[in-house]
Amino acid sequence: MKANRFHILAALAEEDLHGLGIVRNVLDQTDGSLRLWPATLYGSLEALAEEGFLRELKDDEVPRDVSAQRRYYRLTRKGREALRDEANRMTTLAAVVLERLERA
Amino acid sequence: MGLLTYRLLLRLLPKAFRARNATEMQEVAEALLAERSGWARVTTLIGLYVDVLAASVTERIARRRRSRLARSESGGPRRLRGSGLRGLISGVLQDVRFSIRALRRRVGFATVTTLVLALGIGATTTIFTIVNGVLLEPLPYESPEEIGILWHAFGEHTGQDLPLVNPQDVWDYRAWSTELADLTYGSGREWVVGERQDVRIMHVGRVEAGFFEFFGYAAALGRTILPSDDLPESPPVAVLSHPTWVDRFGGDPSVMGRFIKIRGEEHRIIGILPREFRIDLPSESRFLGNAEIWIPARVDPDYDGTRLYTIYTAFARLAPDATFASAQDELDEMTRRIRRTDPGLAELRARIVPLKDDVVKAVEPLLLLLFAAVGLMLVVACANAANLLLGRGHTRGWELAMRTALGAGRRRVFFLVLTESLLLAGAAGVLGAASAVVGIRVVGLLGADSLPLTHAISFDGDVFLFTIGVSLLAAILAGLVPAARATPGHSAAVLAGSRGSGPDRGSARLRSALVVMEVVITVVLLVGAGLLMRSFRATQSVDPGYATSGSMTFRLALSPEVFPDGQARRSYFMDLRRQLESLPQVRSVAAVSQLPLAGQGYQGDYAVDEETRRNWGSLSSDGRWISPGYFETMGATLLAGREFVPADLADDRRVIIIDDRLAELAFPGVPLTSVVGRRIQTSRSISPEPRHFHEVVGVVRHMNLHSLTEPGLEQMYAPLSFSGWFRGGDHFSVVVRSEGRLDGLARALRGEVPATGPGVALQDLEPFSDAVARASASARISFVLMVLFGATALALATIGLYGVLGYTVRQRTKEIGIRIALGQDRDEVRALVMRQGLRLVAFSTLAGLVAAALVADRASFILYGVSPIDPLTYVLATFGLVVTAVAACWLPARRAMRVQPVQALSVE
Numbered sequence: 000m001k002a003n004r005f006h007i008l009a010a011l012a013e014e015d016l017h018g019l020g021i022v023r024n025v026l027d028q029t030d031g032s033l034r035l036w037p038a039t040l041y042g043s044l045e046a047l048a049e050e051g052f053l054r055e056l057k058d059d060e061v062p063r064d065v066s067a068q069r070r071y072y073r074l075t076r077k078g079r080e081a082l083r084d085e086a087n088r089m090t091t092l093a094a095v096v097l098e099r100l101e102r103a
Numbered sequence: 000m001g002l003l004t005y006r007l008l009l010r011l012l013p014k015a016f017r018a019r020n021a022t023e024m025q026e027v028a029e030a031l032l033a034e035r036s037g038w039a040r041v042t043t044l045i046g047l048y049v050d051v052l053a054a055s056v057t058e059r060i061a062r063r064r065r066s067r068l069a070r071s072e073s074g075g076p077r078r079l080r081g082s083g084l085r086g087l088i089s090g091v092l093q094d095v096r097f098s099i100r101a102l103r104r105r106v107g108f109a110t111v112t113t114l115v116l117a118l119g120i121g122a123t124t125t126i127f128t129i130v131n132g133v134l135l136e137p138l139p140y141e142s143p144e145e146i147g148i149l150w151h152a153f154g155e156h157t158g159q160d161l162p163l164v165n166p167q168d169v170w171d172y173r174a175w176s177t178e179l180a181d182l183t184y185g186s187g188r189e190w191v192v193g194e195r196q197d198v199r200i201m202h203v204g205r206v207e208a209g210f211f212e213f214f215g216y217a218a219a220l221g222r223t224i225l226p227s228d229d230l231p232e233s234p235p236v237a238v239l240s241h242p243t244w245v246d247r248f249g250g251d252p253s254v255m256g257r258f259i260k261i262r263g264e265e266h267r268i269i270g271i272l273p274r275e276f277r278i279d280l281p282s283e284s285r286f287l288g289n290a291e292i293w294i295p296a297r298v299d300p301d302y303d304g305t306r307l308y309t310i311y312t313a314f315a316r317l318a319p320d321a322t323f324a325s326a327q328d329e330l331d332e333m334t335r336r337i338r339r340t341d342p343g344l345a346e347l348r349a350r351i352v353p354l355k356d357d358v359v360k361a362v363e364p365l366l367l368l369l370f371a372a373v374g375l376m377l378v379v380a381c382a383n384a385a386n387l388l389l390g391r392g393h394t395r396g397w398e399l400a401m402r403t404a405l406g407a408g409r410r411r412v413f414f415l416v417l418t419e420s421l422l423l424a425g426a427a428g429v430l431g432a433a434s435a436v437v438g439i440r441v442v443g444l445l446g447a448d449s450l451p452l453t454h455a456i457s458f459d460g461d462v463f464l465f466t467i468g469v470s471l472l473a474a475i476l477a478g479l480v481p482a483a484r485a486t487p488g489h490s491a492a493v494l495a496g497s498r499g500s501g502p503d504r505g506s507a508r509l510r511s512a513l514v515v516m517e518v519v520i521t522v523v524l525l526v527g528a529g530l531l532m533r534s535f536r537a538t539q540s541v542d543p544g545y546a547t548s549g550s551m552t553f554r555l556a557l558s559p560e561v562f563p564d565g566q567a568r569r570s571y572f573m574d575l576r577r578q579l580e581s582l583p584q585v586r587s588v589a590a591v592s593q594l595p596l597a598g599q600g601y602q603g604d605y606a607v608d609e610e611t612r613r614n615w616g617s618l619s620s621d622g623r624w625i626s627p628g629y630f631e632t633m634g635a636t637l638l639a640g641r642e643f644v645p646a647d648l649a650d651d652r653r654v655i656i657i658d659d660r661l662a663e664l665a666f667p668g669v670p671l672t673s674v675v676g677r678r679i680q681t682s683r684s685i686s687p688e689p690r691h692f693h694e695v696v697g698v699v700r701h702m703n704l705h706s707l708t709e710p711g712l713e714q715m716y717a718p719l720s721f722s723g724w725f726r727g728g729d730h731f732s733v734v735v736r737s738e739g740r741l742d743g744l745a746r747a748l749r750g751e752v753p754a755t756g757p758g759v760a761l762q763d764l765e766p767f768s769d770a771v772a773r774a775s776a777s778a779r780i781s782f783v784l785m786v787l788f789g790a791t792a793l794a795l796a797t798i799g800l801y802g803v804l805g806y807t808v809r810q811r812t813k814e815i816g817i818r819i820a821l822g823q824d825r826d827e828v829r830a831l832v833m834r835q836g837l838r839l840v841a842f843s844t845l846a847g848l849v850a851a852a853l854v855a856d857r858a859s860f861i862l863y864g865v866s867p868i869d870p871l872t873y874v875l876a877t878f879g880l881v882v883t884a885v886a887a888c889w890l891p892a893r894r895a896m897r898v899q900p901v902q903a904l905s906v907e
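Here the protein sequences come in this chain order: A and B. Heads up: the first sequence runs through residues 0 to 103, numbered per numbering that gives the first Met the number 0. Heads up: the second sequence runs through residues 0 to 907, numbered per numbering that gives the first Met the number 0.
Simulated from the structure, these hints should not be mistaken for lab results. Wrong hints could be hidden among the right ones.
Which bits of chain B does chain A cover? Going by a derived footprint, with three or more residues having C-beta under 8 Å, they are [said to hold, decoys possible]: (1) 15-25; (2) 28-38; (3) 678-684.
From chain A, some residues computed to sit far from chain B (all C-beta separations above 12 Å) [as the list claims (entries may be wrong)]: (4) Trp36; (5) Ala86; (6) Arg99.
Bear in mind the structure is a predicted one, so any value in this text is a computation, not a measurement. Virtual Cβ for every residue (Gly too), placed ideally from N, Cα, C.
Construct the entire structure; sequences and hints are all you get.
Here it is, written out as structure tokens:
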């Protein structure tokens, strides 16, 4: 899974967010090293939605106190699973690497 | 500002994507920028721009894939192509196949467009091949960028501002310098090599041990020169250049250890140099050259003679971390110490120059100018092709509209049209590459061989890549505008048959703009061509002080065994002269130590008063040794006194002939007739005796010895005594002035001269005009090429103008028909069209003249004897342009005049 997509999904794991929220969240979770550029972000969001990993919230699902201008995104079950698979894969990989480093 | 640009860039995104996301994207962009200032803001902005640009492409591809997936899933129309890369490739292939089919139906159009582009690409590639070989390729040495060449200047009137030094200078620099890692020096002479019947004048390089290693070369066979070979008492050895080994010794390895006579002295052959080794030098390096045989310089390490004697060219390699600037600073410091060693060196200035820069400095501006000119011509060719494609775009309008109506996307049509121009440019690229190979030959025929580094010119990988790049560029330049125009916004209108109802204003304006650009560039090129032509003619009409045609020259080597002394050689020459002068084609014959325009030469110092006697070396002259009748044979003008007579050739005669410049310098204000009989000190002594003087017996008008246009130093001529190697003891040149045609004379000389005896070798027989032509090669090449470029641009611009007007007339047929039907005079109709064309021409010519003046002013340093705003050139260029433009307007105008109202109205 591409880094952009992984981080977008990861940002949405805890809560529903709008685009700018995702950008901020990703900046936080990567200590500012991954900046999602706007066109890339919305391109990825559209692609991820189309592939069924996330969906845009309908107007009535959006929290009341925010402006309706912004679109919110939520992980689907498929997205959640894909994210978990990827995280597990990374953990396994990291474990193997650490073990190798220990032995060397 | 930054965000405004961002908003504009957003328009590049696919429309639907933009509609959905643009607002929020701007919000995110603002947020990303909010916390940043200064440099960080700039990089963020750049990141944002790149992001949008990339997405404008990727989103289009993604959208296409998605819509296709959607269609196939929803059971819509069958997918015609695969998805992903395969889909892209098959789409491109389909476009290509279609374009080929379409072009085949219009062979004429395809051929003309291809030829127009091939003309531009071919010419550009030709010039690039030269630019690449001469300017871009590094010299073929180890770390060539570290190598510099040393120049020593002694002051005015010394003639020394040359890449020549004394060996002691090199030794000192080597001992003192920290910025220079290594130095080496070399010189060279033309000497007679061989013995008895088999002799030949060869260029013999005389170099320090380690010379070849300095450049990163070892011997291909045997060894090069070792320090033990490079001492005065070392046994003489020689290293052969690869061509000499192959040409003179048949490439036989057993030559190693054999002996070869150089100037009568046996040298043992110790090595063969690699084929790739050659030395390239600025033209001012008078002695060192691309030698045929190399021998050790064998300079005495204890030598401490005057450092005014400079025949060695020195090279230096920068130390690690040193730069040419730091080396120069150090050099300034070191020369301060050398200046004290001799009063003649009081004004010594040393320079270190990157070798490559120095070698190409004479041709660099010229090549860059030609490259710029040919680039402009390429632009004209592309504009022309764009014009042709636009015209075709109009006739294709219906087809493209139909495609759109049937569901072809904007992008699809865009690429279809672009594919067509890519195909045409591709074909043109192949043609262009082929014509460049021929073009390089043609430039060679113009005399390019006498320019530096021409051996490095070849059609190699870089040139190939360049051709591909230029072809792509041409395809885009020529195809982008038509492709953008062709994407139909109003297919319904086109299909409904509104075609022909009135001019397509946008397209017409675009085509006019292209023609304006063509004409502007053409004016610039025509003016450039005119100025260079005038400049060339100016160099040709300079009187260099001698006749540039009507004589044959050759060099003569006399075997040292057959002609052991000056007496023998002198009487041989006097016999030869008598014999040749008895030929009916020959008017007169003379000999000279070295011909004008033949490169390296001897310089002699002299003094005219107490001060110059003390500061010996502050006055220097070009010295030549000549036989009786030399000035008459060369067509030079004797201003006073007499030529030498046979009695002057005796060794002890101390007579000279000086030129008018030296006469003026040495005896200011004295009438030339009174200069005859005066004496000039010609060898160094503070208390001179008679043997240090020469008596002036004649004054000759100055001759330009080193180039046709540069006067060079003052001159002294002494009698050719045929002893000592400067004075014809080894070899000399012969001039034969002809009574009639030269080709018969050449044949006669080739037969007569070798027959005069064994041990006589005739070399380099050629008309003197060939040497003159070589001397003006670069001026000739630049003007001929510029004329070619200018003429091509003019032809292209004329075609373009004709095309645009013809198009307008076709477009306005109906309107013209109505005008005529309503009683407008036909002459007025013609004037209407002419006016339209000439208005375009007048405007763009004016703009072109201004542009030309600006360019010419910048490039005036390559002009000779003509002002960059030479009125005649500008008038002629304008005249030439206007005449062809009127012709180009006339035909469409006449067609308009003959429009029949009935026909015009039934055009529908």
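Structure-based check of each hint:
1. Coverage of the segment 15-25 of chain B by chain A holds. Counting CB-CB distances below 8 Å, 7 residues qualify, and the rule asks for three or more.
2. Figure legend: the segment 28-38 of chain B, annotated as covered by chain A; annotation consistent (3 residues with Cβ-Cβ distances under 8 Å, at least 3 required).
3. Against chain A, the segment 678-684 of chain B contributes 0 residues with a C-beta closer than 8 Å to a partner C-beta. That does not satisfy the three-residue criterion, and the hint is violated.
4. Annotated as non-interface, Trp36/A brings its C-beta within 12 Å of a C-beta of chain B; the closest such distance is 3 Å.
5. Here Ala86/A stays apart from chain B, with its beta-carbon at least about 26 Å from theirs, past the 12 Å limit.
6. Listed as outside the interface, Arg99/A is consistent with that label: its C-beta sits roughly 36 Å from the nearest C-beta of chain B, beyond the 12 Å cut-off.
The earlier numbered hints that this structure contradicts are 3 and 4.
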